[in-house]
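Enquirer: Here the protein sequences line up with chains X and V, keeping their order. 0 is the number of the first residue of the first sequence in numbering that gives the first Met the number 0; add one for each residue after it. 0 is the number of the first residue of the second sequence in numbering that gives the first Met the number 0; add one for each residue after it.
Wrong hints could be hidden among the right ones.
Output of the computed footprint for chain X on chain V, the stretches with three or more beta carbons under 8 Å from beta carbons of chain X [claimed, not checked]: (1) 91-103; (2) 109-121.
One side only, chain X facing chain V, incomplete, derived with CB under 8 Å [as the list claims (entries may be wrong)]: (3) Gly-7; (4) Gly-80; (5) Glu-83; (6) Ala-87; (7) Ser-226; (8) Arg-245.
Some chain X residues judged to face chain V by a derived CB distance under 8 Å, without partners named [claimed, not checked]: (9) Arg-2; (10) Ala-3; (11) Thr-6; (12) Val-10; (13) Ser-18; (14) Gln-79; (15) Leu-84; (16) Leu-85; (17) Val-90; (18) Arg-119; (19) Ile-151; (20) Asp-246.
Think of the hints as simulated: they come from the structure by calculation, not from any bench. Note that the structure is predicted; figures quoted are calculated from it, not measured. We put the CB at the ideal spot given by N, CA and C, even for glycine.
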Amino acid sequence: MIRAFATGLRVHLVHLLRSPFDLVAILIWPVIFASIAYYLIGTEGSTRVLFVASLGAAMMMLWSQVIVGSGFSLDQQRNQGTLELLVAAPVPLVIVIAPVMIASAAFGIYGLLVTLAWGRFAFGIPIAIDHPVAFVVAAVAAIVSIGLLGLIAASLFVLSRAASYFGVALQYPVYLASGLMLPLALLPAWIDPLSWVLAPTWGYRALTHASGGGGAWRDIGMCVLLSAVYLVLALPCLAWFERVARDRGTLKLS
Amino acid sequence: MSAIEFDGVSRTFWARPGVFRRRSIEVRALTDVSFSVEPGELFGLLGPNGAGKTTSIKILTTLLLPTSGRARVLGFDPASEPQRVRPQIGYVFGGDRGLYDRLSARDNLSYFADVYRVPAREKQRRIDELLDVVGLRGRERERVETFSRGMKQRLHIARGLLHDPPVLFLDEPTIGLDPVGARELRETVAGLQSAGKTILLTTHYMYEADELCGRVAVITDGRIVAEGTPASLKRGIADRTVIEIEATGVEEPLVSRLREMEGVTSVVVEEQDETQLVLVQSSLGAQLVQPLIGALEGVTVRAVTAREPTLEDAYVALVGAA
Chain X
0 MIRAFATGLR VHLVHLLRSP FDLVAILIWP VIFASIAYYL IGTEGSTRVL
50 FVASLGAAMM MLWSQVIVGS GFSLDQQRNQ GTLELLVAAP VPLVIVIAPV
100 MIASAAFGIY GLLVTLAWGR FAFGIPIAID HPVAFVVAAV AAIVSIGLLG
150 LIAASLFVLS RAASYFGVAL QYPVYLASGL MLPLALLPAW IDPLSWVLAP
200 TWGYRALTHA SGGGGAWRDI GMCVLLSAVY LVLALPCLAW FERVARDRGT
250 LKLS
Chain V
0 MSAIEFDGVS RTFWARPGVF RRRSIEVRAL TDVSFSVEPG ELFGLLGPNG
50 AGKTTSIKIL TTLLLPTSGR ARVLGFDPAS EPQRVRPQIG YVFGGDRGLY
100 DRLSARDNLS YFADVYRVPA REKQRRIDEL LDVVGLRGRE RERVETFSRG
150 MKQRLHIARG LLHDPPVLFL DEPTIGLDPV GARELRETVA GLQSAGKTIL
200 LTTHYMYEAD ELCGRVAVIT DGRIVAEGTP ASLKRGIADR TVIEIEATGV
250 EEPLVSRLRE MEGVTSVVVE EQDETQLVLV QSSLGAQLVQ PLIGALEGVT
300 VRAVTAREPT LEDAYVALVG AA
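Here chain X stands alone, though its shape is the one from the complex (with noise of 0.2 Å):
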């Protein structure tokens, strides 16, 4: 089982970055998240707000590319056929979906990249990381935390190819709760219970403090713990779904 999801992620990867359209989607959607936080806080802001801006930025294009790419992905292998050969599979769902998540969210990555590439060269901020070794655990950890997130949604995925829209939906709502758009001050008391429970907000956070200032090992702890809680989650959902999926004959685009 461990093979078939280390190829699962591989296949899904490659497939991913050998798309022109992504490729370039990508490259667009986190310059105009960075440059719109470059101009909110303008000249007077220090290279280091505006740095942990641009990895607000790249987490938002993480978040969006598992909750919407994922969608888009397994509705693809829904028009293209796959997911029926995958769901027929013999080994347990969760093994040939988890790696569509995990790769969208690895792809992730590219953006991170092109964001802080973004910031250095159209804005003159400095790539600053204080601590290179947690900075890398922090991205694979924020990397498979959302992508596992995404794994309990992608349940509704596997019902209907409607379920896309709903993941559009789910975009926005996180990055106000995760503190990825807005610092969570300035939002209402309320909303960081939420928050707590969202990989987004400690994948930020240990991105963050891995590039300066430390502590970044609890918020990398965070993201472990709740992977887990995710997985646990996940595996009933996709279960479940696969049961009503079956029972609906959704599998197929028809």
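Please arrange chain V on chain X, whose structure you already have, making use of the hints.
Expert: Frame of chain X, contents of chain V only:
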């Protein structure tokens, strides 16, 4: 024990058209369908589009739940024991879907080998072996998007065989293939049966079923209307003669008049490139030819021939009568 059993299976879908005041419309895809396939048998399920062939296969391959009735594959229930059924079956469908187009043929096979649990030590050998079987050796590193439809179809067969399943479901595997490609694929399918596989084949190409299948069932509107060997189905209309009329200008009122003629049991019109082929089945034999020509007033007749019925004629008679 039969390898495949379908016992009184029905399947209903509910469609909800419209935006406001949506009502559920019941669509019965299968109604009390029963058949069985013995180990090592190549069984054909024949029927027009929308007859229920693919729905039957979806139920047997664990992808769809029946509304009522019971299915069995090697003794396991695809509805309640999908994890027991899935390792035992291969599923191949026609057309150019079901593959990752941006990946190479080898990458496609490698991924499906892993999700179909082919042991790591056997994987490369098995992929090489199957590439030879389907004639894609030397092209395996090319992206699937550059393949012809026939090559994709052969890659499908290789994918379905990766885990060497004892039972194969082939859903219209030759659809859209050119005659040479279709013949090669039929040879591959015949070879699989010789190797001991149990095969359920759906098709609406009667010559394909006649050539390959030991037994067939004809399904139309979700019901089985006949079952037996191709020869026994042909015997069912052995007393008939088929008169083929190649013509132009045949309209529906004329076809209705032909159907009402004494001795005519069925009339089917096939549209061809520049002409129409009118197939008339008759219990009166060739003596009906002159009255038929007389009835074709105002129609340009190019050729008339009388011949013995084929499996396709038996199928047309069965589906037409249903």
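Enquirer: Now, for every hint given, state plainly whether the structure supports it.
Expert: Results for each hint:
no.	hint	verdict
1	91-103	holds (count 9)
2	109-121	holds (count 8)
3	Gly-7	holds, 7 Å
4	Gly-80	holds, 3 Å
5	Glu-83	holds, 6 Å
6	Ala-87	holds, 5 Å
7	Ser-226	violated, 22 Å
8	Arg-245	holds, 5 Å
9	Arg-2	holds, 5 Å
10	Ala-3	holds, 4 Å
11	Thr-6	holds, 4 Å
12	Val-10	holds, 5 Å
13	Ser-18	holds, 7 Å
14	Gln-79	holds, 5 Å
15	Leu-84	holds, 6 Å
16	Leu-85	holds, 7 Å
17	Val-90	holds, 5 Å
18	Arg-119	violated, 31 Å
19	Ile-151	violated, 22 Å
20	Asp-246	holds, 5 Å
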